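Engineer: Chain by chain, the residues run as shown.
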Amino acid sequence: MAEIGNIALFMALSLAIYSGSASMLGVWRGSAELIASSYKATYATTMILVVATACLVGAFVTKDFQVEYVAAHSSRAMDIQYIWVAFYAGNEGSLLFIALALSLLCTLAIFFKIDSAVNIMPHVNFVLMLVMIFFLAVMALLANPFNKLDFIPPDGQGINPLLTHPGMFIHPPILMTGLISFSIPFAFGMGSMISGRTRDEWVDAGRTWGLIAWALLGIGLLLGSWWAYTILGWGGYWAWDPVENAGFMPWIAMTAFIHSIMVQKRRGMFRMWNMALVIIAFGFAQFGMFINRGGPVPSVHSFGQSTLGWIFLMFMGLTLLVSFAVFFIRYKTLKSEQNLESAMSREAAFLMNNLMLLAVAFVTLWGVIFPLISELTTGEIITVGPPFYNQVNGPLFLGLIFLMGVAPYIPWRRSSWNVFRRALFYPFILSLTMMSVLIIVGIREPFSVLSFTLCSFVVAGILQEWVRGVIARHSLGENYLTAFFRLIAGNRPRYGGYVVHLAVVCLALGVAGSSFYDLQRDIALSPGESVVIGEYELKYLSHDVRDRVDRIETTTVVEVYRGGAFLGTYKPQRSFYPSFNMASTRAAIRSTLVEDLYIIPGEVLDNGGALFRVRINPLVMWMWIAGPLLFLGILIALWPTKQGNVTSSNN
Amino acid sequence: MVASTSSPLSGTAAGMFMISYRMGRKALLLWLMAFMFLATSCLTNELPIIDQQERLAQSIDRGLMCPVCPSETIDESQVPIAKQMRGLVREKLAEGLTEEEVLGFFADRYGNGILAMPPKSGFNLLVWIVPPLIGIGGILLIIVIINQMKKPVSALFVQMPEFDGELDVYLEIVDRNIDVLKEDVMPDVEKS
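If you read the protein sequences in the order shown, they are chains A and B.
The first sequence begins at 1 in my numbering and counts up by one.
The second sequence begins at 1 in my numbering and counts up by one.
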């Protein structure tokens, strides 16, 4: 079975080479048959990679430990459901997963034609196949999941216990898919430049696939935070770890792109910006893959193989070089005829948005590479940790939230102060009132006051738009409920955008609450003893130890009260894996919209006493609410209308 | 001080949502009030004075990296050496050292790499200098771009080129010129 898988990889590689060549040959010769054939080859690549995937899964199922990858990531004792995770747990398997995801996305991008991009599709396919060839070649030649050992080991090493949490069934796949999906908008941009057709053919497709890529990566990042929060046992959700940053930087660049592309759609401006942005976003994604695969920066996430990482770095360097070379060759055709008419215009606001987002991305990049620079220059090993990112990115994020509240109400082209004032009067007054009340009531920390005020400003603005819109439709005869849905349906990009902005506000709320007003205590309790933390009283009752096949599981029982009232019994759990010499914890979390009570189990001592870390994290649940809200917003924004994929000029 | 409890809150917020969509501007007020309640709930975590010491210790924990774990602070990490170091931090604080002195103590023992933030001296000052430079550079860039992009309105009108057979391009220029002329005759009335 592994032999078939190996052959499949090489077949896929050949098909990808054929597809890319046939596309460009077809364009050069003017042959529609060659071009159609190249698309079929792209579809075929996907099918062959499905076969390869099935072979690897089969090798896991049949416990074929002669396959090196299977031996490294599974064992006889492993539950069959974990094959899903084991598939991408290591370098080779994750490359196969990424190749499969990429080819699937390529097939979708080509199959679901977006009308305006029809003339550039062969070039787009060519670029996509170049990326595909890279991954397949690296995998087939350097990191082949089907490599066999010279002997057959009696048992495998088993799966890393941290990967057995439900979150790990979805976070890595979505994150990896998200990262590689950046190839699609990139290919549309590059394809348009290569074809010489830089008249906005790629804008619709670029926007659609940019949104999809952004949503995938965003949800992947959020899932990672949620997983870290629930499983890693330190009560936090983001550590500015280099690999987290590696996924964060492309996402920020893509945020700039999906906003900026609206200006090109609406007014044919920012052509050069958007091309540069999509190239930078893809570049960041490649940089991310470099860091993930054992680049020189250590991280909790690294796959570990160091030489492979440098190949990804070279891939990124080459891509950036070639892309910007093409950019400069096509420079003149990219210039817009439209001009910026006023600094007080939505175009200017989008420009500001672009620059602030890029600033966040580059500041983060600086933090990631500075330790390397320092080591190379002074020889000293230093760390750039969370305080740096928090202190520098924090104000930038606040600025972005402000922009989020203000920009949708600035008209296109030019505006006057009066228009502005009319649109934002109520939100402004209301948030000012809010700020005063917050300060009076006792919230004094300036950053958090500013955060809450700006969040309320954004929400007030969006609600005002919505309510005004519904009331306007109602006055024309619709009842409120119909008006609500018809309003959204009639202007999907705009209202989808509002929903996504609301999701961002929820995120901001969660971050602000948990960053400034969290409470943490490390305590030791003997059985029957209780402790008061914040408003809660925790009583430790007993513990229970269970020997399982691969681990020793200790469950502690804790009762929680507040103001004398019994809230519930919670059972935080700690497992120790002897073969990995690693412990993993399942914290007990009591979540409400207002705050989370978070109990992390430590060791149980010989005298029956137990150690705990207890945290109270305000407003964290709002971060997880942001996830489905984000997804909903993107769905609304992307939902096709009868006229075609992207609609109304009213946004 | 507002002492708030959560269940009446969630109920209130939900109730507010139900009635809000019928009430126009009053809706905004109610929403903002709901907001405020959420925010003020954060106040319940005010600590008595004795625990300020623990707060400081935790803040120092977040400033020290665990020597054996990849990129975790000793606050996050649960390995034995991290716990030892946390204990040491509290000991030193109890002895009367200030935050800088405690951090300095660890830096002397393990090297500057143990700190989550490099000391603000020498080459390491660059970490802090570059971000504001990026910020300033960005602002300058905006100003330059805006000035470059702005031109007097009349210049938006593009002189019609010779028709060279490329009908698409020609018609596009015609369209854009019509737009420009329309703007001058009927200024844009923005509908939101």
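Some hints here could point you the wrong way.
Heads up, incomplete: computed chain B residues facing chain A, CB under 10 Å, no partners named [as the list claims (entries may be wrong)]:
| id | residue |
| --- | --- |
| 1 | Q53 |
| 2 | P70 |
| 3 | S71 |
| 4 | S77 |
| 5 | R86 |
| 6 | D108 |
| 7 | N112 |
| 8 | P118 |
| 9 | L126 |
| 10 | V127 |
| 11 | W128 |
| 12 | P131 |
| 13 | G135 |
| 14 | I145 |
Restricting the straight-line Cα-Cα distance to at most 27 Å, the calculated cross-link-like pairs of lysine-lysine (DSSO-like) are [claimed, not checked]:
| id | chain 1 | residue 1 | chain 2 | residue 2 |
| --- | --- | --- | --- | --- |
| 15 | A | K332 | A | K265 |
| 16 | B | K182 | A | K335 |
| 17 | B | K182 | A | K539 |
| 18 | B | K83 | A | K571 |
The following residues of chain B were derived to be distant from chain A, with all beta-carbon distances above 12 Å [to be verified]:
| id | residue |
| --- | --- |
| 19 | F35 |
| 20 | D51 |
| 21 | L93 |
| 22 | E95 |
| 23 | E101 |
| 24 | G104 |
| 25 | P119 |
| 26 | F123 |
| 27 | D164 |
| 28 | R176 |
No lab work stands behind these hints: they were computed from the structure.
Just so we're clear, the structure is a prediction, and the values are computed from it rather than from any experiment.
All C-beta atoms, glycine included, are put in the ideal place defined by N, C-alpha and C.
Engineer: Does K571/A sit within 27 Å of K83/B, going by the straight-line distance between their CA atoms?
Structural biologist: Between K83/B and K571/A the Cα gap is close to 23 Å, so the pair holds against 27 Å.
Engineer: Report holds or violated for the interface hint on P70/B, using the least CB-CB distance to chain A and a cut-off of 10 Å.
Structural biologist: Holds, because the Cβ-Cβ distance from P70/B to chain A comes to roughly 4 Å (cut-off 10 Å).
Engineer: R176/B clear of chain A by more than 12 Å, beta carbon to beta carbon?
Structural biologist: Violated, since 6 Å does not exceed 12 Å.
Engineer: If you take the shortest Cβ to Cβ gap from S71/B to chain A, is it below 10 Å?
Structural biologist: holds, 5 Å
Engineer: With chain A as the partner, please determine if G135/B meets the hint condition of a C-beta pair closer than 10 Å.
Structural biologist: holds, 6 Å
Engineer: With a cut-off of 10 Å on the beta carbons, see whether N112/B makes it to chain A.
Structural biologist: Holds, because the Cβ-Cβ distance from N112/B to chain A comes to roughly 5 Å (cut-off 10 Å).
Engineer: Have a go at the I145/B hint: is there a Cβ in chain A nearer than 10 Å to its own Cβ?
Structural biologist: holds, 6 Å
Engineer: Is K182/B within 27 Å of K335/A, Cα to Cα?
Structural biologist: At roughly 23 Å apart (the allowed maximum being 27 Å), K335/A and K182/B satisfy the hint.
Engineer: Are all C-beta atoms of chain A more than 12 Å from that of F35/B?
Structural biologist: violated, 5 Å
Engineer: Hold the hint about P131/B up to the distance rule: shortest CB distance to chain A must be less than 10 Å.
Structural biologist: Cβ of P131/B sits 5 Å from chain A, so the hint holds.
Engineer: Given the hint that K332/A pairs with K265/A, does the C-alpha gap stay at or below 27 Å?
Structural biologist: holds, 19 Å
Engineer: Does the claim that E101/B lies outside the interface with chain A hold up, using a Cβ gap greater than 12 Å?
Structural biologist: Holds, because the least Cβ-Cβ distance between E101/B and chain A comes to about 18 Å, which exceeds 12 Å.
The earlier numbered hints that this structure contradicts are 1, 6, 17, 19, 20, 25, 26, 28.
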